[in-house]
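Taken in order, these protein sequences are the chains called A and B. Numbering of the first sequence is given in our numbering, commencing with residue 367 and proceeding in unit increments. Numbering of the second sequence is given in our numbering, commencing with residue 2 and proceeding in unit increments.
By construction, these hints were calculated from the structure, which means they are not laboratory data. Incorrect hints may have been included.
[As the list claims (entries may be wrong)] Below are the SDA-like pairs computed for lysine to any residue, each with C-alpha atoms no more than 25 Å apart in a straight line: (1) B:Lys24 to B:Leu283; (2) A:Lys481 to B:Val175; (3) A:Lys481 to B:Met333; (4) A:Lys481 to B:Pro57; (5) B:Lys192 to A:Ala441; (6) A:Lys481 to B:Gly359; (7) B:Lys192 to B:Met333; (8) B:Lys24 to A:Val459; (9) B:Lys24 to A:Gln629; (10) B:Lys24 to A:Gly588; (11) A:Lys481 to B:Asp59; (12) B:Lys24 to A:Ser584; (13) A:Lys481 to B:Glu282; (14) A:Lys481 to B:Lys24; (15) A:Lys481 to B:Val43; (16) B:Lys192 to A:Gly632; (17) B:Lys24 to A:Pro626; (18) B:Lys192 to A:Gln629; (19) A:Lys481 to B:Gly327; (20) A:Lys481 to B:Met262; (21) A:Lys481 to B:Arg332; (22) A:Lys481 to A:Glu587; (23) B:Lys192 to A:Val459.
[Claimed, not checked] On the chain A side, residues computed to face chain B include the following (Cβ under 7 Å): (24) Ala457; (25) Arg458; (26) Ala463; (27) Ala467; (28) Lys481; (29) Ile484; (30) Phe515; (31) Ala599; (32) Tyr641; (33) Tyr645; (34) Val647; (35) Leu649; (36) Val651; (37) Leu652; (38) Ile653; (39) Ala656.
These numbers were taken from a predicted model, which means no experiment stands behind them. Built from N, CA and C at the ideal position, the CB exists for glycine as well.
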Amino acid sequence: MADVAALGTVGGAMLAGSLRVSTPFLFVSIGECLTEKSGRINLGNEGVLVLGAMVAYATSYETGSPWSGVLAAAAAGLVLGGLHGAVCSLARVNDVAMGIAIMLAGTGIAFFFGKPYIQPSAPLLPGIPLAWWSQSAQLRNALLVCPLFFLGIAAAVAMHWFFRATRMGLRIRIVGDSQDAALALGLPIDRTRFLATAAGSALAGIGGAFLSLYYPGSWNEGLSSGQGLMAVALVVFARWNPINCIYASLLFGAAGALGPSLQTVGVTWGYYLFYAAPYVVTLIVLIISARGGGSLRGMPGQLSIGR
Amino acid sequence: MSEATAIAASSPARPAGGDTTYKFRRLLEALLAPLLALLAAVILFSIFLLALGQSPADFVDLVWTGAFGSWFSWRNTLQRAAPLLLTSLCVALPGQLGLVVIGGEAAVVLGGLAATIAALPLVHTNPLLVWTVMAIAGAGMGALWIGLTGFLRARLAVNEVIASLVLAYIGIAVFNHLVEGVFRDPASLNKPSTYGIGDANMLGNVPWFDVHPGIPVGVIACVLCWVLIYRTSIGFAGRVTGGNIRAAQLQGLPVPRLIVMACALGGACAGLAGTIEVAAELGRANASLAAGYGYTGILIAFLARFNPLAIMPMAVLLGGLGAAGGLLQRRMGLPDATVQVLQGMIFVSILASDTIYGRIRWFQPRGSG
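Working from the sequences, and respecting the hints, build out all of it.
Here it is, written out as structure tokens:
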């Protein structure tokens with residue numbers, strides 16, 4: 367009986383933890399998905415995430431409104447992603463290396479301007495109490511969900527529809543899948559990729575805003591644990607499908623929450639290994655699908671990492 | 002090498018006779034493009050400083066003093082450059098074969114950990130034995146980890162960028178698991194660490210020159226890799242693979258084996274970087290090993306266009322910027338991230354300068370007729 371109760375506790379804690387930490391994964395991964403669908407990879411979203419977190423916190427502190435912080439974070443992402451998109455449009459510039467440069471530049475700028483905001487406390491985003499009906503404080507706490515989570519799911523669903531049913535979405539897919547087809551159709555390849563990169567990074571910036579304005583809910587230099595880079599693996603795992611990005615984010619979030627939840631019932635072993643579990647699964651997915659011959663199903667044909 | 006000359010001589014793309022200064026002009030192009038980009042980054046950064054009401058002249062002066070102004074600052078610069086030499090090779094060697102391997106960070110931490118674990122039973126023996134065993138264990142572990150990326154690429158056609166990134170996360174998780182678990186020294190409370198290798202086994206500075214021990218190792222590794230790439234038939238085969246993989250396969254070159262070898266050799270270098278960090282700086286394996294050397298190494302390798310000799314000045318330049326950080330903070334009241342902002346601007350600018358290669362007619366080979 368005790369085991370079942372413990373299992374319930376772990377499951378509940380994982381669900382709660384997953385709901386809490388998956389939002390930044392979700393935003394960065396759908397942003398990365400948008401960029402990669404246009405045929406370009408952006409490893410710089412790690413820098414965008416950190417810069418977004420800093421800008422959101424600073425704006426919320428200065429204006430007193432956390433939602434303007436979220437907007438400012440998206441704008442910061444738009445600018446940094448735009449830089450990546452613009453430079454990568456030049457011939458012979460490697461998008462993988464450029465992404466790492468943007469990652470370092472973004473974190474550098476965030477740490478530079480963020481120094482004065484480490485101490486003060488800014489107004490944070492309010493949570494939505496999904497368990498208002500419950501008497502249990504634990505459950506209420508677990509189901510207090512950030513509005514950005516729902517926004518992220520809405521954005522993922524909207525992006526899925528955008529790719530499937532709109533002219534613009536089809537154009538992005540063509541540019542990402544076949545440069546020759548795009549040229550033949552007279553589509554503006556560089557401009558499409560530039561816009562997709564900038565918009566993708568704006569989404570990643572919102573993911574950063576979640577980190578500083580909701581959970582953990584403060585600004586410091588160790589805020590991001592690499593969610594921006596991980597998003598690249600996550601998008602592979604989700605097979606470049608925005609809806610799958612939702613599941614993948616929840617799974618990656620749950621894997622991260624498994625260690626701490628096991629600690630609540632006294633299991634302290636394997637914290638980091640559980641954390642790494644989704645990466646092992648991603649690697650297995652990569653190996654299996656590569657064996658099937660050539661590139662992954664769903665992978666945009668012009669993606670530099672696909673060639 | 003003779004076959005290289007033969008192929009090059011018979012190739013119609015190569016200008017016959019006449020154009021005697023092409024080699025010189027090509028070198029000039031390779032030097033001028035990054036220098037101009039560096040200048041552009043410095044100008045951009047000066048504008049950034051002016052906007053903040055700081056003097057760029059003071060900044061340059063302080064960076065010079067802090068990085069290269071005295072023997073003390075030189076030592077500090079070289080200490081930071083040493084691991085970068087080796088982690089850059091981890092990207093440059095596979096880079097010569099056309100692969101982008103970005104997982105060097107895991108090879109550094111796992112190499113450092115393997116070296117420490119191998120040293121632990123031997124701490125009371127001879128330091129020379131300890132260092133040898135550490136070097137073999139560290140380099141071997143690094144070779145294994147990055148070699149795995151190469152194997153996945155060569156045999157299973159898994160993309161190396163994603164594979165190395167994912168393997169980096171797995172490697173760092175394994176590292177944390179072991180350091181905070183089995184190999185943890187219970188005395189390390191705030192910062193989980195392994196047991197130490199002992200003061201007697203710490204690598205001191207190089208006698209006579211008084212520089213960080215990683216410098217001679219890194220320089221020798223860079224020179225050896227240069228010889229391997231540009232002066233041996235294996236290196237030539239690797240460069241053919243990097244230039245055109247189809248052509249290499251048609252020639253019957255052992256492409257998969259070359260890929261695994263290049264990755265393993267690069268990984269061994271990164272593992273050695275971790276080993277030296279443990280033996281010369283930390284004395285034990287802990288989270289300080291994951292200091293981002295792997296990521297900076299990626300960029301240095303790209304800035305050096307995968308040429309091991311060009312890695313050396315680039316690593317010293319970036320090590321110097323890092324070394325000047327403390328002085329900037331004390332004298333100008335700038336946050337320590339200032340250096341990171343400048344580094345970011347330099348990286349973006351030099352990587353963007355890749356686009357001007359081949360655009361300027363004067364630098365291009367001239368036909369004789």
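These are the hints, each one checked on the structure:
This hinted pair does not check out: lysine 24 (chain B) and leucine 283 (chain B) have alpha carbons roughly 45 Å apart, beyond 25 Å. Between the alpha carbons of lysine 481 (chain A) and valine 175 (chain B) the distance comes to roughly 32 Å, so the proposed pair goes past 25 Å and is violated. Of the supplied pair hints, the one linking lysine 481 (chain A) and methionine 333 (chain B) holds, its CA atoms being roughly 15 Å apart against a limit of 25 Å. Restraint check: the Cα-Cα separation between lysine 481 (chain A) and proline 57 (chain B) comes to about 21 Å, which is no more than 25 Å; the hinted pair holds.
Annotation: proposed proximity of lysine 192 (chain B) to alanine 441 (chain A) is violated, straight-line Cα distance about 37 Å (limit 25 Å). For the proposed pair lysine 481 (chain A) and glycine 359 (chain B), the alpha carbon gap of about 42 Å is over 25 Å, so the pair is violated. Taken as a hint, the lysine 192 (chain B) and methionine 333 (chain B) pair is broken in the structure, with Cα atoms around 32 Å apart against an allowance of 25 Å. The suggested pairing of lysine 24 (chain B) with valine 459 (chain A) holds, with an alpha-carbon distance near 24 Å, which does not exceed 25 Å.
Distance check on the hinted pair: lysine 24 (chain B) and glutamine 629 (chain A) sit about 64 Å apart at the alpha-carbon level, beyond 25 Å; violated. Among the hinted pairs, lysine 24 (chain B) with glycine 588 (chain A) is inconsistent with the structure: their alpha-carbon atoms are about 48 Å apart, more than 25 Å. With a C-alpha separation of about 22 Å, the suggested pairing of lysine 481 (chain A) with aspartate 59 (chain B) holds against the 25 Å cut-off. Restraint check: the Cα-Cα separation between lysine 24 (chain B) and serine 584 (chain A) comes to about 56 Å, which exceeds 25 Å; the hinted pair is violated.
Note on lysine 481 (chain A) and glutamate 282 (chain B): the hinted pairing is violated, with a Cα-Cα distance of about 28 Å set against a maximum of 25 Å. For a cut-off of 25 Å, the pair hint linking lysine 481 (chain A) to lysine 24 (chain B) is broken: about 49 Å separates their Cα positions. For the suggested pair lysine 481 (chain A) and valine 43 (chain B), the alpha carbons sit about 23 Å apart, so the restraint of at most 25 Å is met. With a C-alpha separation of about 22 Å, the suggested pair lysine 192 (chain B) and glycine 632 (chain A) falls inside the 25 Å cut-off, and the hint holds.
Pair hint lysine 24 (chain B) plus proline 626 (chain A) does not hold up; C-alpha atoms about 61 Å apart against a cutoff of 25 Å. Restraint check: the Cα-Cα separation between lysine 192 (chain B) and glutamine 629 (chain A) comes to about 19 Å, which is no more than 25 Å; the hinted pair holds. This hinted pair checks out: lysine 481 (chain A) and glycine 327 (chain B) have alpha carbons roughly 15 Å apart, not beyond 25 Å. Distance check on the hinted pair: lysine 481 (chain A) and methionine 262 (chain B) sit about 45 Å apart at the alpha-carbon level, beyond 25 Å; violated.
The suggested pairing of lysine 481 (chain A) with arginine 332 (chain B) holds, with an alpha-carbon distance near 17 Å, which does not exceed 25 Å. For the suggested pair lysine 481 (chain A) and glutamate 587 (chain A), the alpha carbons sit about 9 Å apart, so the restraint of at most 25 Å is met. Of the pairs offered as hints, the one joining lysine 192 (chain B) and valine 459 (chain A) is violated, with about 40 Å between alpha carbons and a cut-off of 25 Å exceeded. For alanine 457 (chain A), the interface hint holds, since its Cβ comes within 7 Å of a Cβ in chain B; the closest pair sits about 5 Å apart.
This hint holds: arginine 458 (chain A) has a C-beta 5 Å from the nearest C-beta of chain B, less than the 7 Å allowed. For alanine 463 (chain A), the interface hint holds, the least distance from its beta-carbon to any beta-carbon of chain B being 4 Å, beneath 7 Å. Interface restraint check for alanine 467 (chain A): the shortest CB-CB distance to chain B comes to about 4 Å, inside 7 Å, so the restraint holds. A distance limit of 7 Å between C-beta atoms decides the matter here; for lysine 481 (chain A) the minimum to chain B is near 4 Å, and the interface restraint holds.
Interface hint status for isoleucine 484 (chain A): violated, as the beta-carbon distance to the closest one in chain B is roughly 10 Å, over 7 Å. Among the interface hints, the one on phenylalanine 515 (chain A) is violated; its C-beta lies about 24 Å from the nearest C-beta in chain B, farther than the 7 Å criterion. At its closest, the beta carbon of alanine 599 (chain A) sits 5 Å from a beta carbon of chain B; the interface hint therefore holds under the 7 Å criterion. Against a cut-off of 7 Å between C-beta atoms, the interface hint on tyrosine 641 (chain A) holds, since the closest Cβ of chain B lies about 6 Å away.
A least Cβ separation of about 5 Å between tyrosine 645 (chain A) and chain B falls short of the 7 Å threshold, and the interface hint therefore holds. At about 10 Å, the closest approach between the beta carbon of valine 647 (chain A) and any beta carbon in chain B exceeds 7 Å, and the interface hint on this residue is violated. Because the beta carbon of leucine 649 (chain A) sits about 5 Å from the nearest beta carbon in chain B, less than 7 Å, this interface hint is met. For valine 651 (chain A), the shortest C-beta to C-beta distance to chain B is roughly 10 Å, which exceeds 7 Å, and the interface hint is violated.
The criterion of a C-beta within 7 Å of any C-beta in chain B is met by leucine 652 (chain A), whose closest approach is roughly 5 Å, and the hint holds. For the restraint placing isoleucine 653 (chain A) at the interface with chain B, the shortest Cβ-Cβ distance is roughly 6 Å, inside the 7 Å limit, so the hint holds. Annotation: interface hint on alanine 656 (chain A) holds; nearest CB of chain B at approximately 5 Å, less than 7 Å.
Consistency with the previously given hints fails for numbers 1, 2, 5, 6, 7, 9, 10, 12, 13, 14, 17, 20, 23, 29, 30, 34, 36, ordered from lowest to highest.
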